[in-house]
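Single-letter residue listing:
Number of protein chains: 2
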Amino acid sequence: MSSSIEALQSELNRLRLEVQTLQGTRGSERISVGNYLLARLAQLDVKQMFGLPGDFNLGFLDLVEDHPIMNWVGNCNELNAAYAADGYARIKGTIGVITTTFGVGELSATNGIAGAFSEMVPVLHLVGVPSTQELKSRPLIHHSLGDGRFDAYVKAAEQFTCHQGHIRSPDEAASVIDKALMECLTRARPVYLSLPTDMVDQEISSERLHTPLSRDNILNDPETEEFVLNLIETKVKEANADVVVLIDACVTRFDVRNETMEFLKQTGFPVFAAPMGKTAVDETWKRYGGIYIGSITPPEIKSHVEKAKVIISIGSLQTDFNTGNFSYNIPTARHIELHSNYTRVQYGTFNGIGFKQLLPKLTERLQQFYHMASKIPVTPYVNRLPQESSQNITQSWFWPRTANFFKPGDVIVTETGTANFGILDVPLPAKSTLISQVLWGSIGWSVGAALGAALANQEKSLGRTVLFVGDGSLQLTVQELAPMIRMGLKPIIFVLNNDGYVIERMIHGKRRKYNDISNWKWPQLLDVLGDRKTETMSYTVTTKQELNSLFESEVFSGEKCITMVEVMMDRLDAPRLLKLQAEMTSKSHAYASAD
Amino acid sequence: MSSSIEALQSELNRLRLEVQTLQGTRGSERISVGNYLLARLAQLDVKQMFGLPGDFNLGFLDLVEDHPIMNWVGNCNELNAAYAADGYARIKGTIGVITTTFGVGELSATNGIAGAFSEMVPVLHLVGVPSTQELKSRPLIHHSLGDGRFDAYVKAAEQFTCHQGHIRSPDEAASVIDKALMECLTRARPVYLSLPTDMVDQEISSERLHTPLSRDNILNDPETEEFVLNLIETKVKEANADVVVLIDACVTRFDVRNETMEFLKQTGFPVFAAPMGKTAVDETWKRYGGIYIGSITPPEIKSHVEKAKVIISIGSLQTDFNTGNFSYNIPTARHIELHSNYTRVQYGTFNGIGFKQLLPKLTERLQQFYHMASKIPVTPYVNRLPQESSQNITQSWFWPRTANFFKPGDVIVTETGTANFGILDVPLPAKSTLISQVLWGSIGWSVGAALGAALANQEKSLGRTVLFVGDGSLQLTVQELAPMIRMGLKPIIFVLNNDGYVIERMIHGKRRKYNDISNWKWPQLLDVLGDRKTETMSYTVTTKQELNSLFESEVFSGEKCITMVEVMMDRLDAPRLLKLQAEMTSKSHAYASAD
Numbered sequence: 001m002s003s004s005i006e007a008l009q010s011e012l013n014r015l016r017l018e019v020q021t022l023q024g025t026r027g028s029e030r031i032s033v034g035n036y037l038l039a040r041l042a043q044l045d046v047k048q049m050f051g052l053p054g055d056f057n058l059g060f061l062d063l064v065e066d067h068p069i070m071n072w073v074g075n076c077n078e079l080n081a082a083y084a085a086d087g088y089a090r091i092k093g094t095i096g097v098i099t100t101t102f103g104v105g106e107l108s109a110t111n112g113i114a115g116a117f118s119e120m121v122p123v124l125h126l127v128g129v130p131s132t133q134e135l136k137s138r139p140l141i142h143h144s145l146g147d148g149r150f151d152a153y154v155k156a157a158e159q160f161t162c163h164q165g166h167i168r169s170p171d172e173a174a175s176v177i178d179k180a181l182m183e184c185l186t187r188a189r190p191v192y193l194s195l196p197t198d199m200v201d202q203e204i205s206s207e208r209l210h211t212p213l214s215r216d217n218i219l220n221d222p223e224t225e226e227f228v229l230n231l232i233e234t235k236v237k238e239a240n241a242d243v244v245v246l247i248d249a250c251v252t253r254f255d256v257r258n259e260t261m262e263f264l265k266q267t268g269f270p271v272f273a274a275p276m277g278k279t280a281v282d283e284t285w286k287r288y289g290g291i292y293i294g295s296i297t298p299p300e301i302k303s304h305v306e307k308a309k310v311i312i313s314i315g316s317l318q319t320d321f322n323t324g325n326f327s328y329n330i331p332t333a334r335h336i337e338l339h340s341n342y343t344r345v346q347y348g349t350f351n352g353i354g355f356k357q358l359l360p361k362l363t364e365r366l367q368q369f370y371h372m373a374s375k376i377p378v379t380p381y382v383n384r385l386p387q388e389s390s391q392n393i394t395q396s397w398f399w400p401r402t403a404n405f406f407k408p409g410d411v412i413v414t415e416t417g418t419a420n421f422g423i424l425d426v427p428l429p430a431k432s433t434l435i436s437q438v439l440w441g442s443i444g445w446s447v448g449a450a451l452g453a454a455l456a457n458q459e460k461s462l463g464r465t466v467l468f469v470g471d472g473s474l475q476l477t478v479q480e481l482a483p484m485i486r487m488g489l490k491p492i493i494f495v496l497n498n499d500g501y502v503i504e505r506m507i508h509g510k511r512r513k514y515n516d517i518s519n520w521k522w523p524q525l526l527d528v529l530g531d532r533k534t535e536t537m538s539y540t541v542t543t544k545q546e547l548n549s550l551f552e553s554e555v556f557s558g559e560k561c562i563t564m565v566e567v568m569m570d571r572l573d574a575p576r577l578l579k580l581q582a583e584m585t586s587k588s589h590a591y592a593s594a595d
Numbered sequence: 001m002s003s004s005i006e007a008l009q010s011e012l013n014r015l016r017l018e019v020q021t022l023q024g025t026r027g028s029e030r031i032s033v034g035n036y037l038l039a040r041l042a043q044l045d046v047k048q049m050f051g052l053p054g055d056f057n058l059g060f061l062d063l064v065e066d067h068p069i070m071n072w073v074g075n076c077n078e079l080n081a082a083y084a085a086d087g088y089a090r091i092k093g094t095i096g097v098i099t100t101t102f103g104v105g106e107l108s109a110t111n112g113i114a115g116a117f118s119e120m121v122p123v124l125h126l127v128g129v130p131s132t133q134e135l136k137s138r139p140l141i142h143h144s145l146g147d148g149r150f151d152a153y154v155k156a157a158e159q160f161t162c163h164q165g166h167i168r169s170p171d172e173a174a175s176v177i178d179k180a181l182m183e184c185l186t187r188a189r190p191v192y193l194s195l196p197t198d199m200v201d202q203e204i205s206s207e208r209l210h211t212p213l214s215r216d217n218i219l220n221d222p223e224t225e226e227f228v229l230n231l232i233e234t235k236v237k238e239a240n241a242d243v244v245v246l247i248d249a250c251v252t253r254f255d256v257r258n259e260t261m262e263f264l265k266q267t268g269f270p271v272f273a274a275p276m277g278k279t280a281v282d283e284t285w286k287r288y289g290g291i292y293i294g295s296i297t298p299p300e301i302k303s304h305v306e307k308a309k310v311i312i313s314i315g316s317l318q319t320d321f322n323t324g325n326f327s328y329n330i331p332t333a334r335h336i337e338l339h340s341n342y343t344r345v346q347y348g349t350f351n352g353i354g355f356k357q358l359l360p361k362l363t364e365r366l367q368q369f370y371h372m373a374s375k376i377p378v379t380p381y382v383n384r385l386p387q388e389s390s391q392n393i394t395q396s397w398f399w400p401r402t403a404n405f406f407k408p409g410d411v412i413v414t415e416t417g418t419a420n421f422g423i424l425d426v427p428l429p430a431k432s433t434l435i436s437q438v439l440w441g442s443i444g445w446s447v448g449a450a451l452g453a454a455l456a457n458q459e460k461s462l463g464r465t466v467l468f469v470g471d472g473s474l475q476l477t478v479q480e481l482a483p484m485i486r487m488g489l490k491p492i493i494f495v496l497n498n499d500g501y502v503i504e505r506m507i508h509g510k511r512r513k514y515n516d517i518s519n520w521k522w523p524q525l526l527d528v529l530g531d532r533k534t535e536t537m538s539y540t541v542t543t544k545q546e547l548n549s550l551f552e553s554e555v556f557s558g559e560k561c562i563t564m565v566e567v568m569m570d571r572l573d574a575p576r577l578l579k580l581q582a583e584m585t586s587k588s589h590a591y592a593s594a595d
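Top to bottom, those sequences are chains X and F.
Note that the first sequence covers residues 1 to 595 in this note's numbering.
Note that the second sequence covers residues 1 to 595 in this note's numbering.
Heads up, none of these hints are tricks.
Note that identical chains are pooled: a pair holds if it fits in a single copy or bridges any two copies.
For lysine-lysine, the following DSSO-like pairs were computed, each having C-alpha atoms within a straight-line distance of at most 27 Å:
#: 1; residue 1: Lys587; residue 2: Lys136
#: 2; residue 1: Lys533; residue 2: Lys521
#: 3; residue 1: Lys155; residue 2: Lys179
#: 4; residue 1: Lys510; residue 2: Lys47
#: 5; residue 1: Lys513; residue 2: Lys47
#: 6; residue 1: Lys510; residue 2: Lys533
#: 7; residue 1: Lys513; residue 2: Lys460
#: 8; residue 1: Lys521; residue 2: Lys560
It should be emphasised that the hints constitute simulated quantities derived from the structure, not laboratory data.
Small disclaimer: the values here were computed from a predicted structure and weren't measured.
Required output: the full structure, derived from the provided sequences and hints.
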């Protein structure tokens, strides 16, 4: 099967590079360390580099600016740059890169990198550090802690990256770079790579570049795999094919969307998604039944999932907001879990059996059940626009209405807060992609992420980029709208203006001032952040009719230029699912007052 | 002497609290843990709390909002909040407090906390964390890394705080809080304090609150101190009182401005300041000669400092940007260093001899030299406005011109970049205070810091708050202008618009695109970020005449409302000192290309 051949080829390449590392790479072609890194990134189809200039990375940025493929995205701050690299990686399906400077720059990105760790997004954090000479003598230079601890930043980074690489001599530079990129890709986690100022222009052999890096080099052990396949086949047979499949985040993170879709097509099993897995499988797929989120799932979906004799979950990540506060009602005895590097069948764990190679084989084994599985009825997941007499734009009306505005291929970015929950209740079109940060939940993420996503979208020509962000969240990272304008990107940005932090109000402090914010003049903002050349459009809608008219107008849907729509909403209104979730979260805090 | 009595009283209080910690505090008056912390902060004259709401700190924010003294400053993001707490601490002379939430919130503040560590500013980072129950069971909740490592954030914080306190039971809560605050104050470094949701409202004895916390409890050993005093007296005698005093950052950080000024008055020694010590001594003082910054010092100052037979430095911090790249030409044989917790005389170090108690005694010992020392001529540090034929606003003209606009008591905040260097060449008025981040040098800091400084300034009624920030730096933290407007603060904000990152251009990449930024419509910004009630004023000046007219206009100097002045400057112009410093920094990087 093709995925096995790819895996063998990957493993071969990995070993070839290993041999070169041990023997020392020879060859007369030379390349600078900085350009070697850029060449590797270009091979991995990385075309954007996010970050800010700082005096320890300027020499490297010369190479970036002169590179034929790499585009330097000057962000407005490092946290936003990390978010952008995260958004780019999610949509592009490769590594997102952020480049910062020693101390001040790298530490500003901490929360963004930790978010990518938590949510399993491959982000390379490249840090320009002082020269190897200064790293040894540790003078009291600016951007240092003043006490000579030059390793403090790396120690912090160790907490939030799965690997740390340090280029300290030309001899080892290429293998350090390759190792960092491979760790990033195969583990789908951020990696830290430090590049001293004096290493950037050192010349090394370019020989290794002839052997490509590839991510899928984990080979399943054939005997164990065979055992697992037999075991799953038996379980499904015993269950008379009464199976549901539950899709989650890691299907996207480890690039098994195609394998998963093929599995679903050939077996005909009903399929549902966890919140973080939304759009990992096309929501228009005829056997797709919607979102399962534990105890707060709509009853018909809940009973279908929980009553199945076997539940096969693919790429699951059981976090509180992803499971209705851990309220999954799926007994281990009926659960089969397929993960990137292990498989669980009921109570037994099979380490090293990853889904990339397992899924195609499982498809072959289980397609025999198609005739039975495909007859299991699935309640269609359709959009329902409620009839409301008031002209106020409510959360319960806004999301279904907006769902009708989406087009196939749209890239949709939702912010933690009302948007993340509102979007869960509506189906999205074919080939559309939703990205959000359900586990990490850092407010402001969506703005930087939308920048990265829009650039990846542009490269892949997927569709429009549509961002939903609350007024509170947008204030955290607002400056990142400027690079969007400067680069001529054309996202549609819905600013849900409900006068503060509604997600917090739902959890605690409904009428507290600390959940209030300044009310900015949103429709003027794009103009102020503009570059005086690029056109921008801004609207405010306060009634259902105004939003309807806007959606129907030719100029709006045409994606002519970057567009902001301020949507006026009630400060105590929230999507159904957020209300339910917030109530559960609030209880776990045990505060004395219950407001 | 009074400082010794204060120190004895402090030590007595410290021991009383120690006894209470060991015995367990009894007493029938009760207070909640959250309110105990607020009471302690109020005792230390802390009246502002910076930060953002997050679901793990909402219960505590109820108490803050209801507190009679504490004001909750809702910042726009956590990095800005950390900068604001830093700026508040510097001007108020007490602890600055930032409150964040578990994971996402606290990590966003990392760079701001590290900066306070580096620059020695007492900042309390209070983090709302999950309930003690959840901290034990470590579920996969939102804001977690997804792998159960609940200690990762603290491990990162250990790198950038001098102490970490964790409230985990009501019994120990008060002593944990007291310890954290004392460490923060006495070491002038940030401290991390975690407060679980379920601890906020636990009731404890308020008995300890009767014993105040005080910072000056380090007692110099009398015998060693006597030895040091004799030694210094001998050295000064041998030098025939040919002494200069060099003032630096820690004079402000450890609150010895009064002791230092008294020393200078009674001895008559000529005095100079390092860049980080600027305004620690009034620059109008008749014996003050200006800024010493190693090899890039103006010749007359350089030769005066370096030719003195004895140089007494008070609170020195020898960093690259503070010393002209470590080019101090002060031989150890002629150097006496007074620090917060040790004294160095030539080659000998005397640990535990701190300047707070030493200075008054040293004043007594050395006042005998007044008649000789006061006759040493000091070249007056005066402002020189250059005559330039062009109407362009140059860096060399702007700073002297602006210096004439300053008033006694002004609080001046300068951003890393051209402002930090430009301000060094001009004298500032009596009782004015300059704050800047010379060592850490994180661009964007000044905006958050100005918010904190303006609030402290308002409490102390010092004068106006004047901020100088480049257009590049302002983009990093721009949203923090909004809380200034919302709270009716009235800073004057000079935006030096030179179309990008000039400090980087000076170091490397003069004509590189990566040092460019979007050109925002600055004069419209305050209006957009306004709250639709508060008035704002904005100007753009492109010629010397326009700036002169503005400075002379009644409405402008009246500090009527928050005011922004966009100053158009050339993209390759920089202050004299920045050009010199950048050249040295650039050399240490060893990049291949020299642009």
